[in-house]
Each structure stands twice: as C-alpha cells, then as structure tokens.
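One line per chain: the protein sequences are C and R, in this order.
Just so you know, the first sequence maps onto residues 0 to 262 in numbering that gives the first Met the number 0.
Just so you know, the second sequence maps onto residues 0 to 322 in numbering that gives the first Met the number 0.
There's no promise every hint is true.
As the list claims (entries may be wrong) - Below, a list of computed lysine to aspartate or glutamate pairs in the EDC-like style, where the Cα atoms sit at most 16 Å apart: (1) C/Lys147 to R/Glu222; (2) R/Lys308 to C/Asp26; (3) C/Lys138 to C/Asp88; (4) R/Lys139 to C/Glu243; (5) C/Lys1 to C/Asp19; (6) R/Lys312 to C/Glu243; (7) C/Lys138 to C/Glu108.
As the list claims (entries may be wrong) - Ranges between beta-carbon positions, derived for each pair: (8) R/Glu315 to C/Ala92: 51 to 61 Å; (9) R/Asp172 to C/Ala192: 50 to 60 Å; (10) R/Ala319 to C/Ala52: 48 to 58 Å; (11) C/Ala203 to R/Glu222: 52 to 62 Å.
If you are wondering where the hints come from, they were derived from the structure by calculation, not from laboratory data.
Positions of the beta carbon are idealized from the N, C-alpha and C atoms, including for glycine.
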Amino acid sequence: MKICVLVKEVPDAAVQKRIDSNTMRLDRSGEKNLNPFDTHAIEAAMQIKEGGAIPVEEVVAVTMGPDSAVRALHKAVALGADRSVHLSDDALAGSDVCATGYSLAKVLESESPDLVLLGQQSDDGECYTIGAVVADHLKMPSLTQVIKIDVTDGKLRCERQAEYGYDTVEIELPAVISVGDAINEPRYPSLKAIMGAKKKPLDAKATGDVGIDGGMVGEGGSKTKVLALSEPPAKEAGEIIEDEDTNETVEKIVAWLDERKLI
Amino acid sequence: MAGILTYALHDDEGNFNKNSLGAISEAARLAGEIGGDAAVLVVGDIADDACAALGNWGAAKVYRAKSVPEGLAQPIVDAMAKVITDQGFSYALFGGGLLGFEIGAGLTARLNAGVTMEVTKVKVQDGKLIAERPILQDSKIADVECVGEPGIIIGRLNAFDANESGGTAEVVDVDVELSPWSTKATMVTRGEQRGADVNIEDAEILVGGGRGLGAAEGFQQCEELAEAMGGAVAATRAVVDAGWYPYAAQIGQTGKTVAPKLYLAAGISGAIQHKVGMQSSENILAINKDQNAPIFEFSDLGVVGDLHKIVPKLTEAIKAKKG
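I would like the entire structure built from these sequences, with the hints used as guidance.
Here it is as structure tokens:
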C-alpha cells in the first residue's frame, strides 16, 4: 500500500510569533521547522512499513506552502519518507481551514493513497481539524488524536482518548488518521539520511496540476474572515523565582503557601 | 430561518455532556439575538422525555436520528448536514470536546462552510455571529466572521455555561442515510477506563504532574508532596497516554475540569488543552525548568528550576512545618 503523510512547516518554537496587521495572517518569516506533531506521523508510517503486517510500497510526504516548505519535506524524507510532493501556488496564500483542507485533499487525490497520516495539530495554528476536513473531501473514514495503530487483516485498529475514556475503533482502508504525540518516539535521522534527503524525488505541483478550483482557495475562496485582533484581558503577572539555591527557593515557596493559608 | 443547530453528545447511559448543554444554552442566547431558534441534534435511541428535557437548557427543537450511532464523528456529520440543509440553519455551534471538533471539521468539508475553532466567546454584530478565538498561545484574540452560510463555530472546553431556563423541546425524528465512508469505521469499545479510579475533583489541593517528571516513577514525588499537603495527584494527557498515571486523574480537554484552592504544576508546560481544565484554580504554582513554558504566563508563582531537586525538599519542608 501507499502511505501519504501530510506535513507542515511551522515557525520554530523559539521564535516569537506575531500577526501581520495588514494581512491578519501569521507572520511566517524567521526560523522554521517541521511541525513536531508531524514527526510522529512519519514515525507511525515507518513503523507500519517496518512492522510487516501489510506490505508498504511507498511513504510519500506531502505539503502545501511557500517555497521554503521544501525544507520540511527534506526533513520528512530524512526521517524515512521515500519521496515528497510540494503543492505551492500564489493562489493558495491566505487559505483558511476550509480552503486548505480542500487543497490538500486534491493533491492527495492525485496520489491515490491507501492511508493518509498527519499530526493531530500544528504547532502554530493549534487547530486539530485538518484531518477530518481532508477525510470528508476524500470520502474516507477518519479518526483524529490516535495514540495506537495496529494493522490486522488489512484493517486498522486504532485507540484514542475521547470524552469518556479510551475508545478502540476498527477502520477500513483507505483512511485518514491523525496521530497524537503519545503514539511513538520519533527516531533521529542519520547523518547519511540528512545528506541524502535532497536527492530523493520531489514533485512540485501547482493548483492546476491537481485540479484545484481557484475560486475555492486563497483569501478569496476562504469562508472565514478575521475582522479584528485584540489583546486578551490583562492578567496580573505572577511572581517568578529562579532556583539558584534550592533551600532558599523552598523557603520562598513555603512562605508563599503560608501567606495564602494553603498549608 | 436564522437558527442555530448544536449537537448533544451522550455517554452509553444516555447522560448528556456538560459542554454540549453549554452549547445549547449559548445557542439559545445567540439565536434570540439574531432572530431564530436553537435546535439540537441527538443520535441514538434516546427516550422522548430525555430529548424534550433539553428544552430546559434552551433548545426549542430536538432532531433525533435514532439509527445513527453515537461516538464516531462521520455518521453524525451525515445527520447534521442533512438537518442543516433541509431546515436551513445559519450556524452550527459545538461545545468543547474532541467529537465536536471532528464533526465541525467534517461539516466544513461537506457544506463548504467556514469554521472557527477553540472559540471562547461568541457575540452578535449586524445580525451575524462573530467568534472570538484566542491565538498564539492566547496572547491575542481574533474576531472571526464566517463568509456565507452556514457558519461553524467550535467552542473551547468550558467556554459556554449551561443555563437552566425551564422549557421543553419539541422532538422530531429524522431519517438519515449514512455516507458509504461513514460506515467504514466501527467502535469496538467505548470509554474504557485505564488505571486506578482516583478522585481529583473534590480535592482542595492538587499536585499535577507532566512530562517534566521524566518517567512514571517521577509521580512518586508528586504523591509524597500531595500526601504532605493533604491533597491529591493529577496528570496531563501526555503522561496518561504514556501510561505513567491513571486516566481518572487526567485534567484537560478529554479529562476532568478542576478548580482547587491550589494547583501545583510539576513539570507541566501548560499547553492550552491542559490549561482549559485547571485555569480556574484559585492559586497556581508552577515548577518547570523551561523559563519559556507557557504555564508561567498564567501561574501566580512560577519557579524556574529542576523539580527533582525542589519537590523532595519542598515535601520535607512542609512536613517539618506541619510537625
């Protein structure tokens, strides 16, 4: 079978994120990285491939984003993907969840995967929803926030935590699964894999190549509009103690607790 | 009709979810302002009077899809899409929780509709709903409007309060044809409890443990501290999923919501999903070695340091003080 892993380039965790007040979009300049949640999705794909319960011919990393997103694909390939696909087009800039999900579904359609894996959330948008949007466009069953995947008899047996405890769900392929970070510990890429990543095939696609309707994407095709940005109600900043001398620190904590009658 | 449709999640005994009831009350308030009714979709074989009782939270009408199973999103997407399309609802509103996210997202694709998630407040402007969504680790709030109808709004956990208004809802059965892909996922077991049953909701002092504990054994120091303070131990989702601590002690989006007098967070970064379950605590004390951890943004006392050094000494100091 063929597994496609959706990946995304996000601003590095150490970068102070800000919104561009002209476009109301996240300013994506500065140091970037592969979305940490997506590394778990790649690892899940590799474990299915190496597990042998079902033959996996190919793991393909797929992303949508500007030119710089190629680096996220290189990282995905260094982590084990066989090749990658980069959907990039100026027409896509400013796409919201609805438009992004549609675009990703179209590029995935051109790959006809048996399984689509992705991280349950992106580090920047905090939105959790793309998997379910993509799945409905692809007319595939889906489950999000999965923490265990077993392949048996050509089906997936997935576990996840929902409102009332742990659910175990059996899913027929093809399917779209978003994974939580508890599913595995992603491997570190070898130096050789990092060096070789740029030599693996990378297909660049524009909207026209995968049949995306230009009217449904970008800022014009989006179904939400950010009207304004504001500051949240100010919360009084808490006191911060740097632990230099632990005995002293503990004394301060005890005094703080005592003052509030918590001991 | 400028109505708002919500979805009421229930457990296997038919008890409705508190966040769903909150969404109903919020929908009733908003529908009143935009000139329409609040309605609810319920799936499964829920009794007439139990459905009608949702009127108590503000629902004018309950659409019941008896043949649609509860617990997985896609069959419910089929049911909601049908009701929204047939009845011409302007909005779908969901309370916080996992399933609402999935159903709302599925509807976005199905109806080519705008979606805003993690919403903490909804207001009305010119007859339209504007969703307030905190972004960038809650450092900014975006006002988001949906373009065209329907619009989909997914609340953050505990964002909407359930208010009893004392009404009775009209119950209407709907037949729903499931999409072929909606029947390809089946629930094997639902709501399995893992680990010991512990009570954290009644504790006045909670010591919460996160990934920073390093290993399951790290919880021992939390337990010793909690014992010294006369409290209980809670955990983040990450460590529960990793099997370090029982599910019953979990706080956050798919766990419990607590508001103790003191929440002492040990090795917890303070991700939004955890924050929503404990931010109403009276006093928040955080110990974390990462000075950039988001938990310091909403703690009353933040200690930047190694919890493995601090917590045992703190336990000793408290024991000594208590004599």
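Against the structure, the hints come out as follows:
no. : hint                             : verdict
1   : C/Lys147 to R/Glu222             : violated (28 Å)
2   : R/Lys308 to C/Asp26              : violated (39 Å)
3   : C/Lys138 to C/Asp88              : violated (25 Å)
4   : R/Lys139 to C/Glu243             : violated (33 Å)
5   : C/Lys1 to C/Asp19                : violated (39 Å)
6   : R/Lys312 to C/Glu243             : holds (14 Å)
7   : C/Lys138 to C/Glu108             : holds (10 Å)
8   : R/Glu315 to C/Ala92: 51 to 61 Å  : holds (58 Å)
9   : R/Asp172 to C/Ala192: 50 to 60 Å : holds (57 Å)
10  : R/Ala319 to C/Ala52: 48 to 58 Å  : holds (56 Å)
11  : C/Ala203 to R/Glu222: 52 to 62 Å : holds (55 Å)
Consistency note: the structure conflicts with the earlier hints numbered 1, 2, 3, 4, 5.
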